[in-house]
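**Student:** Start from chain A and add chain B according to the hints.
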Amino acid sequence: MKANCWTGRNSVEVQDVPEPSILNSRDAIVRITSTAICGSDLHLLDGYVPTMEKGDIMGHEFMGEVVEVGSGISDGKPRVGDRVVVPFPIACGACASCHAELYSCCENTNPNAGISEKFFGHPTAGIYGYSHLTGGFAGGQAEYARVVFADVNALKIESDLTDEQVLFLSDILPTGYMGAEMCDIQEGEVVAVWGAGPVGQFAMDSARVLGAEKVIAIDKETYRLEMAAAQGYTTINFEDTDVRSALLELTGGRGPDKCIDAVGMEATHGASHVHLYDRAKQAVRSETDRPHALRQAIMSCRSGGVVSVIGVYGGMIDKFPAGAWMNRSLTLRTGQCHVQKYMKPLLGLIEQGKIDPTRVITHRLPLTEAPTGYDLFKNKKDRCEKVVLKP
Amino acid sequence: MKTDIHSTSRLRRDPLVRGLGWASALLGVPQVVAPAGFARALGVGDAFRHRSATTAVGVRELAAATGLLGRPHPAWLWGRVGGDLMDLTMLTRALKHHNGRGLGRTVAATAAVTAITATDVYAAVTRTRRSAMELTAATTVSRPPDEVYALWKDLERLPDFMAHLEEVRVTGPRTSHWRASAPFGKTVEWDAETTQEVTDRLITWRSVDGADIDNSGEVRFEPAPGGRGTEIRVTLRYDLPGGALGQAAARYFGEEPHQQLDDDLRRFKQIAETGEVVRSEGAPGGKRARGEFPQHPARPLTEGELKEALA
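One line per chain: the protein sequences are A and B, in this order.
With the numbering used here as the guide, the letters of the first sequence map in order to residues 1 to 391.
With the numbering used here as the guide, the letters of the second sequence map in order to residues 1 to 311.
Careful, some of the hints might be misleading.
[Said to hold, decoys possible] Derived lysine-lysine pairs resembling BS3-like cross-links, with alpha carbons at most 27 Å apart:
1) 307/B with 54/A
2) 307/B with 2/A
3) 156/A with 2/A
4) 380/A with 220/A
5) 390/A with 380/A
6) 378/A with 54/A
Simulated from the structure, these hints should not be mistaken for laboratory data.
Bound conformation, chain B alone:
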């Protein structure tokens, strides 16, 4: 699985990210060079602890500046958010224990940091919110490419072997409507269009505007060497909400996307080669096998269990 959070090059050209980088630099330099003067300018006095706190904040700002301008990554934006919260804490303390001299300047500084915090949170969230996830898997099916291609092209059969798909409805010559289960018991739907079809070789598709989750995919069919049937390679791309954090959370709750695609392809192979998805007493739900762990014991099902499994 390849997870790609906004690439470095894109962030490098991002005016907001660059602006925040320069802001860090402009703030960090005087803090490090003249901490006493800076502290006085804030109206918090130039006692040793105020000077050293200012120097530390300056070093932090310079680090953030180097990161954001040199190797931009959303982590630096989140770093700035963390820094802002530290600053707000310190300023709040300063306000509480203020001796009155330059109180106006401290209030202004607090207001400014609050505004900067809002900007940083906005930048961090928007720059990490969407992450593309790309999954690939491959299998070989001992049937000829035309047959395997035709089976996949019958989109309404995809839910037979793809664990997460609940329904695919063909709505036009190149369009279809998809419904899938998502982590945390949610359902997502989207309209998709077939973007390329090369008979016996390739099918590609992508969701159209307005999808719950933007996604696209392709499946390639190639004759396997030695007359061994057809090699199938599938690539799926999802634009996931919640970024890497969302994916980590999903995995924690037992959703391992790469493994799922592997299992999906295995079941496609079962259908292509034997005509159906194999069921055992332990995994009577067919495509739900992996979700059934701990499984039903390997013993026949009661009538009620049977009804549920075959539903």
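In isolation and in its complexed conformation, chain A is listed as follows:
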């Protein structure tokens, strides 16, 4: 079958690979009908996530039709022929973390847990197509994929919603939603979102659904800010505006009540000397992540507010404004999304028409053109916001 593989830093390639087979009794094999490129795939592409190996299949946002199930799958969950969306973190459904609905912290699904424990202190869940640090699972930018613990990790779609309406339940819609949910938004509050990429857009939509009165989008890509503005959100372009001053102005000097970092470790900064400082530290490995958005969110948030982090961080950061965080009673909340917890309620919101995930799609390409998709998305060419691939 064809699959999009990592072939080295800044290089992916569609290759012919064997078709997947059942390795564990509760596996299922899915024929992929739609898959997408995620912002976090760019961290892999750029070489910021260790333990990638040449030939790894990329992709953790996919859906399709079940074509085979393992002997351990009972009660037809799922059944061959089912149309399913697959959440990116692999959960076992049986450990303490899964019982607490902290699915992305599953204690059993990462065969390389010992390594992730060294990086993170405790192990984290397996993730499809996301380095060997998260288990070395083949990804979903392919014609077929193996779904692990398919009885826990496949949401059956029974309505006639299109692929594009439900595909993003696999990652970016729940991730954006969790970012807003962690803010514990109260009526009348102002929510600022750093990053107007697909996750940021969904965080904005979710903040509004959860009761925010005003939503502010911060980015430097004009077309992405226009996409947010089209939804009625206020925008700040950090390339020509001082973000903190603009936020104070927009909030009567209070600062946003809640702040969401939907950027993560590869942020850029409006002031080039600040960007260069962190870029240099990163180059010599004295920090691994560039936390501009996080720093700014903490400094801007009103006292007693919440800073919610859904942008991906991988290692160590420098110049964390601990003083602001501590002295102003800020709450920092974060996590890789516990997708399984949010899929069904969000499917409901889609069915009710309260959220339209298709609004972020700008490019539809055949799987064989995946490398072009990466180029468009990474280099923000052709107003690229979200690429959907069709095997």
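**Tutor:** Structure of chain B alone, referenced to chain A:
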């Protein structure tokens, strides 16, 4: 990991170690106090270089004596071996350039040092050869103690999650035969007996006489607080050949025992909670995951690879 090379107190009561300590003292005192006389007694003359060499050797002997009698450690025995080799070198040189006076005494001294060297090597090797290694690890499994206990008690399933065990065969009500892979591609086997069994709480075992590697272990089960299942604590003790040196060599070749036990327990948890060891395309061999780095790429396996991985 705790590595315990023969404890100080045991060496302190060891007659051979004490004897060598006193021998160092008896030799060191005259060497330091009257180097010229000592050198003459050896038949090597009392030139300045011979006197100063004798003083240096004396200081070394006194240091060894202090160590062996005060804070005995196998390192001091190895120190003596090193000293012996130095002495032999010097005596050999002395024999080569001998002027004939007192040659008999030098020959006798060389013979004596050779005998002492043999004794020192014997003492150093036997006192460091075996070292006990103790490993501990803990995990919490979200299943009740009786279930977790029953799973562990099924000894023949231990190789499912313990990377190094190839086979455990129950041979009697309290006895079993174990086969495990060892560093450097070797296989070790032993018979074990279960020494204690407290239902839902404790299992202990130890190898019986004649094992390739003497070992023992215990696993304790306790209800986790807040109804969170069972806390499991495992202790393994091995009497390893080669002492600390052997362990260091093994680690160099990628055998990190403590990490292995952690991974073993993780897989036990997987079996207890989900029924099987999770496999990925990158680590298709299940319990062999860690040994598979650099791993298979995260892409489906060919038929041949699949057969090998599932074997």
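**Student:** Compare the structure with the hints numbered earlier in the document and write down the numbers of the violated ones, lowest to highest.
**Tutor:** Violated hints: none; all satisfied.
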